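*Asks:* Single-letter residue listing:
Number of protein chains: 2
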Amino acid sequence: MAKRVTGPEIEKLIQLLAKVPGLGPRSARRAALHLVKKKDQLLGPLADAMVEAHRKVRICSCCGNVDTSDPCSVCTDARRDHSCIIVVEDVADLWALERTGAMNTAYHVLGGTLSPLDGVGPDDLNIRGLVDRVVKGEVRELIIAVNATVEGQTTAHYITDQLDGLDVRITRLAHGVPVGGELDYLDDGTLTAALRARTAI
Amino acid sequence: MAKRVTGPEIEKLIQLLAKVPGLGPRSARRAALHLVKKKDQLLGPLADAMVEAHRKVRICSCCGNVDTSDPCSVCTDARRDHSCIIVVEDVADLWALERTGAMNTAYHVLGGTLSPLDGVGPDDLNIRGLVDRVVKGEVRELIIAVNATVEGQTTAHYITDQLDGLDVRITRLAHGVPVGGELDYLDDGTLTAALRARTAI
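These protein sequence lines map, in sequence, to chains C and F. In terms of the UniProt record's numbering, the numbers along the first sequence are unbroken and rise by one, the last being 201. In terms of the UniProt record's numbering, the numbers along the second sequence are unbroken and rise by one, the last being 201.
Worth flagging that the hints you see were computed from the coordinates, not collected in a lab. Here the structure is a predicted model, which is why all the values come from computation and not from measurement. Built from N, CA and C at the ideal position, the CB exists for glycine as well. One should not assume that every hint holds.
Pair by pair, the computed Cβ-Cβ distance ranges are [to be verified]:
(1) Arg-198(F) / Leu-186(C): 48 to 58 Å
(2) Val-120(F) / Leu-191(C): 52 to 62 Å
(3) Lys-39(F) / Ala-96(C): 14 to 24 Å
(4) Asp-184(F) / Leu-117(C): 42 to 52 Å
(5) Leu-173(C) / Asp-70(F): 50 to 60 Å
Reference listing, derived: stretches of chain C covered by chain F, where coverage requires no fewer than 3 residues with Cβ under 8 Å from a Cβ of chain F [what the hints assert, rightly or not]:
(6) 11 to 21
(7) 69 to 78
(8) 92 to 101
Footprint (simulated), chain C over chain F, 3 or more residues, beta carbon under 8 Å [claimed, not checked]:
(9) 11 to 23
(10) 32 to 42
(11) 49 to 56
(12) 60 to 71
(13) 94 to 100
Please build the complete structure, drawing on both the sequences and the hints.
*Replies:* So this is what it looks like as structure tokens:
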């Protein structure tokens with residue numbers, strides 16, 4: 001803004017909101033105005049929630065999940081099957097898989113994928129911790145649920161190599177047609193995989 | 001989420017972020033994770049900015065702008081021409097007009113438009129304050145810059161009626177073809193208005 005039309009505190013709020021993923025400079029202004037208008041219903045509680053989250057948030061030293069306790073809610077949940085670990089790239093993937101409610105297992109967050117071009121090596125990921133968990137025993141199966149990208153697959157292979165000789169079953173997510181997906185719009189690789197892995201009706 | 005995968009403080013943060021315009025439940029989760037990952041670079045400063053904004057934000061008692069001082073930065077800016085007031089529906093419109101840098105005037109925020117169906121009458125808007133400002137004198141021109149909707153135009157007419165007999169020039173924004181706009185995509189009303197208000201090249 002050329003001339004000042006509002007207070008520096010509000011400009012600062014807009015500036016920081018614009019850094020939140022999903023908000024740009026324009027929507028940050030809209031968001032800030034909305035927050036300011038709903039001062040006591042939204043801005044206040046949100047401010048408190050942020051202060052609280054900032055104070056309490058922890059990265060789980062066992063699985064890498066984000067929580068306010070360490071070990072996290074997943075690692076300490078006695079109703080889960082901790083002999084099966086789903087390996088994911090990111091906490092968002094853990095939450096997404098958990099929303100399906102399909103499994104009731106433990107997780108392990110790598111914190112990314114191997115990517116030599118970006119300077120991400122094995123030591124930058126939480127792979128050592130994963131191997132330790134498997135070595136300690138009591139892990140029956142490892143489901144490697146990384147993204148189906150080149151980096152993801154490289155990471156999956158690297159992990160498999162690291163666990164060579166250990167008594168653990170290593171699996172990965174099935175490739176195939178997304179539920180509700182239209183064949184016409186799918187790439188050749190997915191279609192080929194779906195054909196190869198066809199199942200009896 | 002079916003089972004708890006993260007702390008209640010983080011779930012609370014996601015819940016509140018989802019109420020911010022521009023963010024939905026899915027992007028709120030993504031935003032929360034990003035904030036938590038950038039705990040000290042983003043979450044902390046944003047929390048502070050919100051606490052500060054919540055503590056300091058004021059609605060200008062003169063023009064209705066949002067600021068941290070009352071009267072606001074616009075009303076107290078001696079370099080502005082306070083004999084010309086641009087009347088807008090919302091603070092967002094004030095900021096948008098101010099970004100153009102086209103005018104160097106005072107503003108007046110109505111806080112909405114007359115809308116009998118939604119139960120918004122003249123007393124729900126900041127119209128009394130506007131009339132007072134004009135009655136006090138020293139206002140030469142009022143530019144009514146409300147949206148070109150039925151409610152906006154009704155509000156403009158109502159304000160004009162209220163100021164009947166006072167020595168002030170009342171104008172409104174020109175209708176016409178948006179800069180960069182294609183005629184083919186414009187509605188008949190806009191094209192008719194643009195033709196009627198044609199100017200010499």
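*Asks:* Taking the numbered hints from earlier one at a time, note which ones the structure violates and give those numbers from smallest to largest.
*Replies:* none
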